[in-house]
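Asks: Protein sequence lines, in the order shown, are assigned to chains A and B. Read in the UniProt record's numbering, the first sequence has 163 at position 163, and its numbers run on one by one without any break. Read in the UniProt record's numbering, the second sequence has 92 at position 92, and its numbers run on one by one without any break.
Hint data in this document are derived by calculation from the structure and do not stem from the laboratory. All clues given are correct.
DMTMM-like, lysine to aspartate or glutamate: derived pairs with alpha carbons at most 25 angstroms apart:
(1) B:K179 with A:D115
(2) B:K179 with A:D53
(3) B:K396 with A:E390
Chain A is nowhere near these chain B residues, computed Cβ spacing over 10 angstroms in every case:
(4) R30
(5) A66
(6) E94
(7) Q125
(8) R230
(9) A252
(10) L326
(11) D337
(12) W346
(13) D371
(14) K418
Okay, the calculated beta carbon distance ranges per label pair:
(15) B:K365 with A:K413: 53 to 59 angstroms
(16) B:Y344 with A:K59: 32 to 38 angstroms
(17) A:A102 with B:G287: 34 to 40 angstroms
Idealized CB from N, CA, C, for every residue including glycine.
2 protein chains.
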Amino acid sequence: MAKKNAFYAQSGGVTAVINASACGLIETARKHKDIIGKVYAGRNGIIGALTEDLIDTSKDTAKAIAALRHTPSGAFGSCRFKMKSLEENKLQYERLIEVFKAHNIGYFFYNGGGDSADTCLKVSQLSEKMGYPIQAIHVPKTVDNDLPITDNCPGFGSVAKYIAVSTLEATFDVASMCKTSTKVFVLEVMGRHAGWIAAAGGLASTKDAEQPIVILFPEVTFNKEKFLARVDELVKKFGYCTVVVSEGVMSADGKFLADQGLKDAFGHAQLGGVAPVVANIVREGLGLKYHWGVADYLQRAARHIASKSDVDQAYAMGKAAVEFALKGHNSVMPTIDRVSNAPYKWKVGMAQLSKVANVEKMMPKNFITKDGFGITEKCREYLAPLIKGEDYPPYKDGLPQYVRLKNVAVPKKLGEFKL
Amino acid sequence: MAKKNAFYAQSGGVTAVINASACGLIETARKHKDIIGKVYAGRNGIIGALTEDLIDTSKDTAKAIAALRHTPSGAFGSCRFKMKSLEENKLQYERLIEVFKAHNIGYFFYNGGGDSADTCLKVSQLSEKMGYPIQAIHVPKTVDNDLPITDNCPGFGSVAKYIAVSTLEATFDVASMCKTSTKVFVLEVMGRHAGWIAAAGGLASTKDAEQPIVILFPEVTFNKEKFLARVDELVKKFGYCTVVVSEGVMSADGKFLADQGLKDAFGHAQLGGVAPVVANIVREGLGLKYHWGVADYLQRAARHIASKSDVDQAYAMGKAAVEFALKGHNSVMPTIDRVSNAPYKWKVGMAQLSKVANVEKMMPKNFITKDGFGITEKCREYLAPLIKGEDYPPYKDGLPQYVRLKNVAVPKKLGEFKL
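Given the sequences, and given the hints that come with them, work out the whole structure.
Replies: Structure follows, in structure tokens:
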């Protein structure tokens with residue numbers, strides 16, 4: 001096997017553990033220097049490949065690379081840049097191959113969600129046609145948990161843990177205050193199309209310790225009357241309740257509930273979240289005092305409360321990607337295959353990219369309770385192992401010691417390319 | 001010394017560590033059963049005393065009481081209920097004394113902020129006049145960090161740590177995304193009158209690792225042009241920035257910046273936060289893509305990332321309150337006295353309640369940089385030790401094991417009392 005370099009890029013919204021995948025990948029590649037020369041990372045994702053802005057990861061020490069395991073965000077920069085279809089912009093794909101050729105790159109590792117799986121597949125197909133074979137391997141990552149075949153997606157478990165813990169803590173808080181003050185706490189979480197993250201809020205309530213939690217899923221059309229009745233019921237029983245609302249919740253008119261056409265005093269349009277909208281509905285409908293929060297980036301960046309399952313799996317996916325490459329695989333993605341729930345066991349599997357690309361895994365219908373406001377036992381069984389275990393970063397002076405890499409540029413060999 | 005029971009109540013907004021004070025207090029009292037009989041807690045704070053709704057804490061095991069140390073919120077319920085002045089409602093104070101008398105209570109421990117310090121002082125004064133002497137001791141607690149004499153207030157350090165860690169993590173996130181997507185992240189934090197909590201966001205930037213952070217303090221009148229210029233400057237230098245905004249930031253017209261007279265599509269008034277307002281200002285003024293979050297209750301309930309300094313101090317305050325009582329003190333509050341910064345050392349001190357009540361400690365002017373958007377070295381020196389150390393709760397199946405006490409009611413001896 002002729003020695004080739006590898007290219008690695010991070011794609012789309014970052015997570016608390018995407019760097020753990022980078023860590024697994026780079027550490028494993030470094031153990032096989034006879035086959036994989038250098039690992040070049042794309043600065044700001046695939047844009048780095050198109051503009052030939054490559055990072056030489058070999059310039060960073062073993063210690064710095066190891067610290068990626070406990071550092072959230074994308075250490076090399078990510079991007080929201082969808083490669084067009086081959087028909088629409090063949091030039092982009094050809095440019096990729098040209099850059100790979102110029103830097104003797106034989107391995108393409110792309111770390112992302114559905115879109116990047118599709119890009120990965122196309123690069124593999126085109127490289128064959130162009131007579132410069134590239135082994136293209138997709139490394140799964142998405143807080144949305146919507147990739148098919150794999151049991152779950154690295155990045156999701158840590159968001160789920162953050163939301164479960166935060167929901168539990170906020171519910172304890174509102175329980176203390178409800179006698180004379182706040183009775184309803186509304187927490188807005190990510191999830192435009194699927195309610196995976198919102199579902200995690202349901203984990204805060206257990207058989208041993210029931211908590212009054214109402215979940216608003218994007219899968220369930222918002223019904224104001226039923227929602228208010230449920231909140232009212234819980235507040236009457238417990239004295240308080242917590243509402244976990246997915247940003248993607250829709251009204252019956254097919255619009256996002258968050259889209260209320262808000263205008264400021266001067267008539268300017270204002271962009272608000274869905275949490276204040278739901279809070280106002282509670283106030284107007286039941287006259288209850290409320291508080292609301294919006295977790296936004298905090299939820300997906302919260303490496304301080306990452307799930308150990310998630311960190312282990314993210315690392316394993318990066319490691320497996322290199323191992324697959326070494327075995328000669330192409331156009332594949334490592335997957336997490338669940339072996340058993342109790343005790344939780346999983347192993348690394350392999351999926352063909354042709355079966356991953358353009359397939360979105362939605363939350364099964366039997367994961368949502370009949371009333372539409374909670375999670376079923378089946379959902380709980382699925383989610384519970386994913387938030388298991390803690391994996392704390394090291395601290396200094398009260399702050400987590402997250403690493404910033406040197407990110408030294410590889411000298412360019414080609415001319416400019418207009419994006 | 002005749003054996004007397006003790007009364008303990010939690011007041012105002014709860015924190016991640018107010019139960020650690022309860023733990024220190026109850027555990028210490030249990031070691032002196034020859035002098036302090038039982039510790040009765042007020043259900044929902046002082047309301048529990050007025051309505052004779054007392055909780056017998058002796059019904060909970062040593063293990064359950066020990067778990068209070070790592071449980072956020074107020075285990076006995078808190079309340080927002082300000083006792084009126086003696087002149088306005090002498091009946092309330094007399095009722096308190098009557099309840100204390102009926103249950104042989106000789107110690108009044110009140111765990112709260114400025115208002116409860118004032119109530120505590122009044123109870124002590126009135127009890128003397130009424131010939132039923134009560135030793136009234138205030139246990140400091142407030143995320144607002146605005147009590148005088150004590151160097152800092154239990155509850156604040158953990159919020160500060162949560163905001164510092166979250167700001168760091170969100171800044172790493174936006175750094176990864178800025179090339180093609182979000183360039184500004186806006187985080188709304190608590191603090192209606194003082195910028196202590198917002199200041200903690202500044203800790204995310206250190207000498208070793210500078211982060212582009214803009215802080216909006218309630219102490220500094222919001223100036224749109226200067227703010228946009230600062231954001232623009234940082235985005236040009238770093239590619240991104242994080243704005244930490246205090247909920248209490250005011251415009252030049254003396255109104256809260258959050259109060260934008262928002263109306264929905266039907267013309268109904270909507271209550272929004274200040275984060276979306278600031279985000280919209282960034283969008284309109286600079287055309288930059290943004291995200292925003294509102295930490296709300298998550299910040300003060302986040303026991304999972306509590307500061308060890310804070311937990312230790314909260315416990316020590318509860319313990320000292322009992323020790324002061326045993327020594328015969330009355331109308332006092334234990335304080336945290338800073339001995340040195342490096343290494344951080346502190347000891348328990350004592351303040352007279354007459355000097356605590358109705359005095360609000362504001363953030364010193366020299367804690368804010370001249371441009372109004374950052375913290376000074378002096379501020380950093382003050383804040384840094386308060387977020388030091390981690391004190392993780394125990395976990396089971398991925399969730400913190402927070403305790404719910406039995407909260408068994410003490411049989412009533414008196415008639416009803418109308419609040």
